[in-house]
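Engineer: Use these hints to put chain D onto chain W, whose structure you have.
Sequence order for the protein chains is W and D. Here the first sequence stands for residues 1 to 235, where the numbers follow my numbering. Here the second sequence stands for residues 1001 to 1217, where the numbers follow my numbering.
Incorrect hints may have been included.
[To be verified] In silico DSSO-like pairs for lysine-lysine, Cα to Cα no more than 27 Å straight-line: (1) 1142/D - 1116/D; (2) 148/W - 1192/D; (3) 1189/D - 128/W; (4) 1118/D - 128/W; (5) 1189/D - 152/W; (6) 141/W - 1118/D; (7) 1005/D - 148/W; (8) 1116/D - 108/W; (9) 152/W - 1050/D; (10) 1118/D - 146/W; (11) 1043/D - 128/W; (12) 1116/D - 152/W; (13) 152/W - 1037/D; (14) 1118/D - 152/W; (15) 1050/D - 73/W; (16) 1135/D - 69/W; (17) 1050/D - 148/W; (18) 73/W - 1135/D; (19) 1192/D - 73/W; (20) 146/W - 1043/D; (21) 31/W - 1135/D; (22) 142/W - 1121/D; (23) 1189/D - 146/W; (24) 1116/D - 141/W; (25) 69/W - 1050/D; (26) 1005/D - 163/W; (27) 128/W - 1135/D.
Just so you know, the hints here were simulated from the structure itself, not pulled from any lab data. Computed from a predicted model, the values in this text were never measured in an experiment.
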Amino acid sequence: MSQGISPLADALVSCSNARRDTSRSAMPTYKLTYFDLRGRAEPSRLLFAVAGVEYEDVRIQREQWPNEKASGKYPFGQMPVLEVDGQVIAQSIAIARYLANEFGLAGKTNLEKAKVDMIVDAIGDVSKGLGEMWFANDEAKKAEAKEKCLTKTIPTTFTGLEKILMTNNGGDGFFVGDSLTMADLIFLAHTDYHVDQLKEENTMAAFPKLTALRERILAQPSVKQWVEARPKTKI
Amino acid sequence: MPKYKLTYLVFRGRGEVIRLLFAAAGVEFEDVRVTLKDWPAMKETDPERKRFLFNQLPILEFDGHVLAQSHAIARYVANEFGFAGNTNLEKAKVDMIVSAVEDAYSPLVTNVWYEKDKARKEAWFTEFRETLLPKSLTALEKLLTANGGGDGFFVGDSVTFADIMFADRVDLLVFHSSPDVLDGYPKLKALKSRVEALPKIAEWIKKRPYAPDFEFH
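Okay, chain W solo, but in the shape it has when bound (with noise of 0.2 Å):
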């Protein structure tokens, strides 16, 4: 980098670099273990994405799991789990606001992250109950839960996030303050999976601000990127 100008400049433009070096090995590695999926780790490879942060993203194939498990790693024998320095962190929503903490995407004060923290919550209410039917070991069992969803979860929350979303800014920005949060990228994540489970059911369709959202989501030039390039998967 020396430019030869006066040893003086020489010595302040090593000493910035070496500020620079510094806080790059400052930066924490990051290392996200999941199966090839979507999943469970979908929101935190989001999140990821729309930070800019670097991390190495492990899937572990199916045949591989029991193994892994067996390994004594994982505190509660799944996954995904977060490594960051040294530290394992497990459960998918903990992950996810430890990221979006770390990267300035989970709201600004105490209650905008409550805010995000309730919409992650209804969401997940909503995985839940599509869960119940995607796993459902009975054909009685599915039918049941599908009608859940269909006449009370689904309506049920998602009028709910339609007006929460209204409350700001008219609904035609994101959910909580002035840029894209969390509760954002785990709805696109979520959505992903729901509007391909219920696609004749077309549920999205009472939901006019909720699908633009999608949209707005989707076509952040860090969430495209990522949804282009990320491997393809089922689920």
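Structural biologist: Chain D alone, transformed into the frame defined by chain W:
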């Protein structure tokens, strides 16, 4: 200090952890309790869903704001009053444990309250007692022990949302398995006593209304 108004059902359920956090913080709040019988009519007073955002309880109202979703509310109170963990990493560990306790106890709600088929219920309970519960408690005991030997709290040096969530919800886990189930998890057992002995929490436990319907079948 804003005036906080918590609205929930009469029993402990998903509201109690919030009440305990206010108590631990020494912060006054209006503790509104609704019976299951009165809840439908109460919902109808809010057709625009300005209060009951997701048609559910609990909600927390203060300074013209409304929050829904029990964990979001609890975490807000915890963050406001210093019970959430001190760094982002500590907060993540707190959240992780809260989620794990939720995972351990919430299937009880589905399978005690909502499951009508007796055979399915029995089968699930066997799995709960023999597999699911031991697995959860083993994992929690290990995490607690990893924090300086396990004779303090789950995260850091002081009581957090994680400890309070565990101490409150574990009663339901014990009730649906056996009274001495915690004997196999000595650090967790001691943690529960430690949390309940904290002066402001002990005071709340002593004075709170006794309302075990729904919770304990």
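Engineer: Of the hints given before, which are not true for this structure?
Structural biologist: Hints 1, 2, 3, 5, 7, 8, 15, 23, 25 not satisfied by this model.
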